[in-house]
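Sequences and hints are given; from them, build the entire structure.
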Amino acid sequence: MHRAVYDWVRAGEVNSDAGGDGRATFDVGVYDLSPEERKAFDNQDIAAFYQLGLHEVLINRYARACGFSREDYRKALEPYGKKEERKGRWQK
Amino acid sequence: MAEIVLAYCSSHAPMMSSQREAASEEQRKNFFGALDFLKQEAVDRGVQAVVVLSNEHYTNFFLENFPQYCIGLGEKNWGPTEEWLPIDKVWIPGHPGLANHIAQYTLDHGFDPAFSHLLELDHGIMTVYFELDNDMKLPLVPIVQNCAVPPLVPVRRAYEFGKALGDAIRSYDGLERVAVVGAGGLSHWIGNPRVGDINEEFDRWFLEVLESGDLEQVLDMPNEEIELAGNGNHEMRSWLAVAGAVSATQPKATKLAYEAVYPWITGMAVAQWETGLGETGLAETNGTAATAAAEQREESLA
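Chain order of the listed sequences is B and Y. Using the working numbering, you'd call the opening residue of the first sequence number 208 and step up by one each time. Using the working numbering, you'd call the opening residue of the second sequence number 921 and step up by one each time.
What the hints contain is simulated information worked out from the structure, not anything from laboratory work. In this text the structure is predicted, and so the values were computed from the model without any measurement. Be careful, since some hints might not be right.
Within a straight-line C-alpha distance of at most 20 Å, the following computed EDC-like cross-link-like pairs (lysine to aspartate or glutamate) qualify [to be verified]:
1) Y:Lys-1083 to Y:Glu-1131
2) B:Lys-294 to Y:Glu-1136
3) B:Lys-299 to Y:Glu-1144
4) B:Lys-290 to Y:Glu-1121
5) B:Lys-290 to Y:Asp-1117
6) B:Lys-299 to Y:Glu-995
7) B:Lys-299 to Y:Glu-984
8) Y:Lys-1057 to Y:Glu-995
Some, not all, of what chain B presents toward chain Y, calculated at C-beta under 7 Å [as the list claims (entries may be wrong)]:
9) Tyr-213
10) Glu-220
11) Leu-240
12) Val-264
13) Asn-267
14) Arg-277
15) Arg-281
16) Tyr-287
17) Trp-297
Beta carbons: idealized from backbone N, C-alpha and C, even for Gly.
Encoded structure:
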């Protein structure tokens, strides 16, 4: 899953050897994804990726590449938030 | 031998380029005013090359090979990679002489950085580098760090790497005037339910620590505590590395700007370690100059 998302994001970026938008011809079928992972990919389902454990930096990159604003994907992820009880040394 | 004639850190939220107008006018004036001031300082001080420390965002590396540090040795590097980032995609000149010297020096002094002859640079370096040199012609030595994927370098180790980096630059005889810049932080969350939050209390405390020069307050901070100010707060390693690079001559930073820019989901700060002008009234001088630079920018945009 991580590899598929990483490759898809990078395929659409403007890399030094870029020859066009690689996302247009990206074949996710070559990756060994579970049915849940494949469904998340096909549906661009940020919340599902979060629940499946996709690294948060990749979630962010994927969301940006899909064109989701932070506000949009925050709404999708908010239900999975937990109240923070811990305190840092800077907190009075 | 080279001297570090300019040292500063800046937050690098990509929206500072892609959604610039989403910040309030006052926030833009303060934040970009500080960066404009530093850009002029680089010109006035005759900076010949810049070393920029930032962090890897799954642009060059994936999980099968994820170095803690990677130094860009190449004649040139490419960026920015993000198709949506409104900065021209160009080849950026490197400085192989300085970069190789940094790599060898740090290898000789207890660190094991990876190297690359071609780094693809994302917003992490490019937003801040672009604000330093809009023409993107200033030779750049990029250093990308792992600030995202455990296991992570302890922050004290990042500071110590910065000390070695500073010593490396000061022992290089191929240049005279070098800038060191850290890009990233301060508090922000990405890719999780708290995206959009900013921990202003942490940001202001962290900047006060940098201004005090008493970095022991932060150098033992464990990852779990760092993340109380966001998973993006791991990027404090770039700030502490720059602090380390100049610690021998200037342990105290000067805050030039801090704005909690919620549309950019990040506590946006700029701080400088004065290395070239000595101890004469830096904060007041910088504040005045930064404000003047901000006003000039606003006039040019009007």
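Now the hints, each set against the structure:
1. Simply put, Lys-1083 (chain Y) and Glu-1131 (chain Y) have alpha-carbon atoms about 18 Å apart, close enough for the 20 Å limit, and the pair holds.
2. As the CA atoms of Lys-294 (chain B) and Glu-1136 (chain Y) are separated by approximately 19 Å, the hinted pair is consistent with the 20 Å bound.
3. With a C-alpha separation of about 18 Å, the suggested pairing of Lys-299 (chain B) with Glu-1144 (chain Y) holds against the 20 Å cut-off.
4. Among the hinted pairs, Lys-290 (chain B) with Glu-1121 (chain Y) is consistent with the structure: their alpha-carbon atoms are about 18 Å apart, no more than 20 Å.
5. Restraint check: the Cα-Cα separation between Lys-290 (chain B) and Asp-1117 (chain Y) comes to about 13 Å, which is no more than 20 Å; the hinted pair holds.
6. With a C-alpha separation of about 49 Å, the suggested pair Lys-299 (chain B) and Glu-995 (chain Y) falls outside the 20 Å cut-off, and the hint is violated.
7. Between Lys-299 (chain B) and Glu-984 (chain Y), the direct Cα distance comes to roughly 42 Å. Violation of the 20 Å bound is thereby established for this hinted pair.
8. At roughly 12 Å between alpha-carbon atoms, Lys-1057 (chain Y) and Glu-995 (chain Y) fall within 20 Å of each other, so this suggested pair holds.
9. Of the supplied interface hints, the one on Tyr-213 (chain B) holds, with its beta-carbon coming within about 5 Å of a beta-carbon of chain Y, less than 7 Å.
10. Among the interface hints, the one on Glu-220 (chain B) holds; its C-beta lies about 4 Å from the nearest C-beta in chain Y, closer than the 7 Å criterion.
11. The beta carbon of Leu-240 (chain B) comes no nearer than 16 Å to any beta carbon in chain Y, farther than 7 Å, and the hint placing it at the interface is violated.
12. The beta carbon of Val-264 (chain B) is positioned within 7 Å of a beta carbon in chain Y (closest approach about 5 Å), and the interface hint is therefore held.
13. The closest approach between the C-beta of Asn-267 (chain B) and any C-beta of chain Y is roughly 4 Å, which is under the 7 Å cut-off, so the hint is satisfied.
14. With its C-beta approaching chain Y no nearer than about 5 Å, Arg-277 (chain B) sits inside the 7 Å limit, and its interface hint holds.
15. Because the smallest distance between the Cβ of Arg-281 (chain B) and any Cβ of chain Y comes to about 5 Å, under 7 Å, the interface hint for this residue holds.
16. Residue-level restraint check for Tyr-287 (chain B) holds (minimum Cβ-Cβ distance to chain Y is 5 Å; threshold 7 Å).
17. Annotation: Trp-297 (chain B) was flagged as interfacial toward chain Y, and the flag holds, the nearest CB pair being 4 Å apart, inside 7 Å.
Against the hints set out earlier in the document, violations occur for numbers 6, 7 and 11.
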